[in-house]
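Protein chains in written order, with this note's numbering: chain A, 91 to 320; chain B, 934 to 1343; chain C, 7 to 455.
There's no promise every hint is true.
For lysine to aspartate or glutamate, the following DMTMM-like pairs were computed, each having C-alpha atoms within a straight-line distance of at most 25 angstroms [as the list claims (entries may be wrong)]:
#1 Lys-1243/B x Glu-1186/B
#2 Lys-1182/B x Asp-127/C
#3 Lys-108/A x Asp-98/C
#4 Lys-248/A x Asp-1297/B
#5 Lys-129/A x Glu-974/B
#6 Lys-213/A x Asp-224/A
#7 Lys-1264/B x Glu-140/A
#8 Lys-108/A x Asp-424/C
#9 Lys-114/A x Asp-1297/B
#10 Lys-188/C x Asp-1258/B
#11 Lys-129/A x Asp-1151/B
#12 Lys-188/C x Asp-98/C
#13 Lys-188/C x Glu-962/B
#14 Lys-114/A x Glu-1117/B
#15 Lys-129/A x Asp-1250/B
In short, the hints are calculated from the structure, not lab data.
Given the structure is predicted, the values throughout are model-derived calculations rather than measurements.
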Amino acid sequence: MSRLPGLGIAMGMALTLKKFFEPKATIRYPEVRLDVPPKFRGRLQLLYDEYGTLKCETCFQCAQACPIECIDMGGIDTKGRYHIHWGAPETYGERRDESALRRSGRPVPDQAYAHFDPIHPVKLEAILERFDFDPSRMLEILDATQAEYGHLPVAALKLISQRTGAWYAMIYGTASYYRHLRFEPPAAEPLAAATATARAGRETAFLAGLDASLAGSSRRRGRASAASRS
Amino acid sequence: MTAAPPHGQREAPSDDPRVQLDQDAGVFEPVPPYPPRTEREAEFYTLGDGEMFINMGPQHPSTHGVLRIVLKLEGEVVVDLDPVLGYLHRGVEKLCENADYHHSIAYLDPLEYISSLFCEWPGVLAFEKLLDVQVPRRAEYIRVLSTELNRILSHSLFMGWMALDLGGLTPILWSFIERDEIAEMLAALTGQRLLYNYLRIGGVNGDINHEFMSRLGDWMSRATNQIENNLGLLNQNEIFVRRMRGLGKLDKETAFRMAVTGPNLRATGVPLDFRRAHPYSVFPELEFDIPTRDEGDCLARYLVRMDEIKQSLRIIDQCIHKMPDGPVMAKLPRLLRPRPGRAYAAVEGPRGQYAAYVVSDGTDQPFRMRIHDPSFVHLQSVGVLMPGHLIADAMAVMASLDPIMGGVDK
Amino acid sequence: MTAVARSWGRLTLAGKILFTVIPILLLLTAGLVLVVVLFGKPIVDFLAANIWLVRFIVAASAVLLMSVPTAFLIIYMEMKVIALMNLRIGPDRVGPFGSLLSVVHGLKVLMKEDFSPTGSDRLVFTLAPVVVYMSAVMSLLVLPFAPGLFGADINIGLLYLFAVGGLTVVGLLMAGWSSFNKYSLLGGLRSAAQVVSYEIPLTLSVVGLLILTGTMSLNQISLNQAGWFTNWYVFQQPLGALIFFIAATAEGNRTPFDLTEADSEIVAGFATEYSGMRFGFFFFAEYVNVFIVSGLFVALFLGGWNAPIAWPEAWAIHLTFDPGSTGMGLLFALLLVPPILILALAAPFYVGRSSLPWWQALIIGFVLFNVLAIVVVGGWAFISLDWVAGLLWFLGKTYLFVFTFVWMRGTLPRVRIDQLMGFAWKWLLPASLLNLFVTALAVIVINPR
């Protein structure tokens, strides 16, 4: 503060008057848009690779990692199988409660896997013991499991996830990436054709059920996906 | 089951809008509806002669978020006050205890949304101590560089708020220009403008890139001038200086008793800076001064912060020149399971000491996570500083302590 | 009947309004014509006998009508100037350079719900904005805008202004008390304390000037300052002018003395509980007050409507052409010149740019013609009509001061209430007394009776 009273105020007034004529900092938003830095992480969009196809592999890792479970998806995975992981939009309300439970640390009955057959876990425990519960040796664990059970039962995958601490979605992603790993028991030659038709029938039935459940505005989407399947 | 009301006097449903219109909307009383729980509460909520309560907040233009203070006034003089906290409580500590070590960093971010990197840092440091990780030197330099930028951001916003709480309209917008440039810079570096989530256990998320460096160089070339220019509006202004000088005096003993840290402590003449007192990261290799003032009033707190901006610019300059080559992340497994134990880490933030205390039980989630936030600690000295001042000065004292309610309520 | 009802039902709202308003207007016009035809002579005689009444009614209506656009203009100025000082752009979407934004704000405020809080004193709550606005408009009445252009030339004009300006604080107190809110109450009390303290230096600072002029009529004071700008009282009363300026800032509740609505301390002071048009009245009154305070300063110290330079008689331009002398020719010119000129101005655009449709060219021609006509007629009026030039000088100086008030708002923080009081009683009051004594002494020494 200077000795002369009022000098500071006068200097401040001069400064604001100088700024009055200076170029402005405002960006006129809808006309002018700032460049987003390449590393910006706030983009909500699916990325495409250099061939113009979607990079998303429907691995559900994002959906599983999303803390408030706002990410949802339905689609066709790398093996051409149709998934709707979390269920129809009508059940969003239930799922909200579910996720609240999950975040509070309490166990949640998982509707999605309720119908899968249980397995006898002793053999799997032995395998996991052999690989030291190490999630970085996941492929070896999965190989050994398939050798033991003949395929990868969902219950086994969930147990592996529980014991090693790896996300289920990551294990599922690993398993679905390798061609030699399978989620269903191998069929004999004559049986294979029957299984294939049965599976197709099951899928058609599932899609029909889905169609019915999504009646109304979303009916067309279900039909379109059914058409693209066949 | 309540008895059914007699015929013709059926109780109207309480959610009927017509009923709500007919009812008296009611007048909000600051006195709590329950009987006083402590002696202090009973004493506070009995009015003396000529006194009145005024309920300041949670929605008030200058309570820096959702702080609510019940002021007991005599005329315009604050006689006593009762801060009511918890309007922004999110249970961050509990959220961290239910998340993976990596995930809890993201929960630490929004604690103090002005200086997010400083909230991440103590957590990350404590996790690294638990895991016994050696952080690459380049990563350490990047951490110092980005956090010092964040410190400048926080202090320049403080200048604007301080002036706004005293009624000046212009400085807040000038400091927002400063802030926006730094935010864009940090967005180029970290990928986000506000909640960076940039520090990782064992390093940082991504090396510095060309865009960040070009923006930083552009800004550094004119930052000193620009900040000096902005300060000229307030530092010389008689009205501002007369209002701030001698207001809210905090002496050394009270400051120590109140566990005040950071610029608020340094304004009382104690050169305590955790970057020097308990050196962490690469601060022993960097040259900078610790600005102090002896007055301990609002003006001293303001000036100490403005001096710190200049020191931060010095540190950034040195970081750019001394930064070695190398990796920015230590080799770490995806799934972290530290040995059972406990760790404590503290850093010097723009508001004071940010600290985290973590207990591990050997699983992949922290068993207990305790976050120490300077805003909360500084807010309690409001009870010493405000009484005896006018309402306008109470706001100035609040602003000079610079609390962020996100950190206070956790 | 049903057909009428059906067609009435088919009308849109605008149509219904038109079809109701037009007959009413027709009826009223017919009535007026009838009254004039029947009682024309006595009415004219009465009005001629009481010409002051006509003058007063016209002036009051004009001032009332003027206050709202003035407030709009100052609000726009405040938004834009502070924005530019803050390195923002400010309003730029509604109208040219966003200049219609304050008008839109006014309309928005009109459309909002008229709301009064629980526990408020309804009558006082409703009357408070009226009182505030009334005092502002009443003050406008005595401001001398130009030679011959003022509402009323009262011989105690200055006293009247201070008295009516003091009514504002009654309105603010009413608002603060009736809102049933402690913030409002604090704001009302602050405004009372502030205005009472600053009235005294404000009035005392002018007393020195009154000794010099010997009159309280603002019109006469303006007349006294005619000639070169060295005749302005600001050069004879610099201290008085400074004190008047500071006290007037406090009187108009402007930064750095805007304690009554200090938003960072007491949320909005007396206006906390007000919404809709009631708040609008407060808002308008505040900006009209800014205009009045600036205009008063200009009239008292800066020569009022006088130009800073006294033109030597030799330089003066006298137009020999008087439009009234042309008689019927003027009528024909008024009829023929606009269409011909519009066509002439539109022609180059239509011929030169083949992509332009004819109606767009006509619109351009029309706009150009209007600009031209305003320039020509305005220039003629400026040269040959005394009051137009005076009004321009007065408004120019006044808005310069309005700009200064806005500029101060963009720069300065707010003072504390005790500093405000201390400044008034410890510095301004002694200084104004000193000014008074020095002036009196100088008048006696220089000009003894």
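Does Glu-1186/B lie within 25 angstroms of Lys-1243/B when you go C-alpha to C-alpha?
violated, 28 angstroms
Quick one, are Lys-129/A and Asp-1151/B close enough, alpha carbons at most 25 angstroms?
holds, 19 angstroms
Within a Cα-Cα threshold of 25 angstroms, do Lys-129/A and Asp-1250/B meet the stated pairing?
Roughly 24 angstroms between the alpha carbons, so the hint for Lys-129/A and Asp-1250/B holds.
Take a quick look at whether Lys-188/C and Asp-1258/B sit within 25 angstroms of each other, Cα to Cα.
It is violated: about 62 angstroms lies between the C-alpha atoms, which goes past 25 angstroms.
Starting from Lys-213/A, check that the Cα of Asp-224/A is at most 25 angstroms away, please.
Answer holds: Lys-213/A to Asp-224/A is near 17 angstroms, not above 25 angstroms.
Is Lys-114/A within 25 angstroms of Glu-1117/B, Cα to Cα?
Status holds; Cα separation ~17 angstroms.
Hinted pair, alpha-carbon criterion (25 angstroms max): Lys-114/A, Asp-1297/B. Please report holds or violated.
violated, 51 angstroms
Regarding the pair Lys-1264/B and Glu-140/A, is the alpha-carbon distance no greater than 25 angstroms?
violated, 31 angstroms
Between the alpha carbons of Lys-108/A and Asp-98/C, is the straight-line distance 25 angstroms or under?
holds, 21 angstroms
Between Lys-248/A and Asp-1297/B, does the CA-CA distance stay at or below 25 angstroms?
OK: Lys-248/A and Asp-1297/B at ~18 angstroms, within 25 angstroms.
Straight-line alpha-carbon gap Lys-188/C to Glu-962/B, limit 25 angstroms:
holds, 11 angstroms
Is Lys-188/C within 25 angstroms of Asp-98/C, Cα to Cα?
violated, 37 angstroms
Comparing the model with each earlier hint shows violations of hints 1, 2, 5, 7, 8, 9, 10, 12; every other hint is respected.
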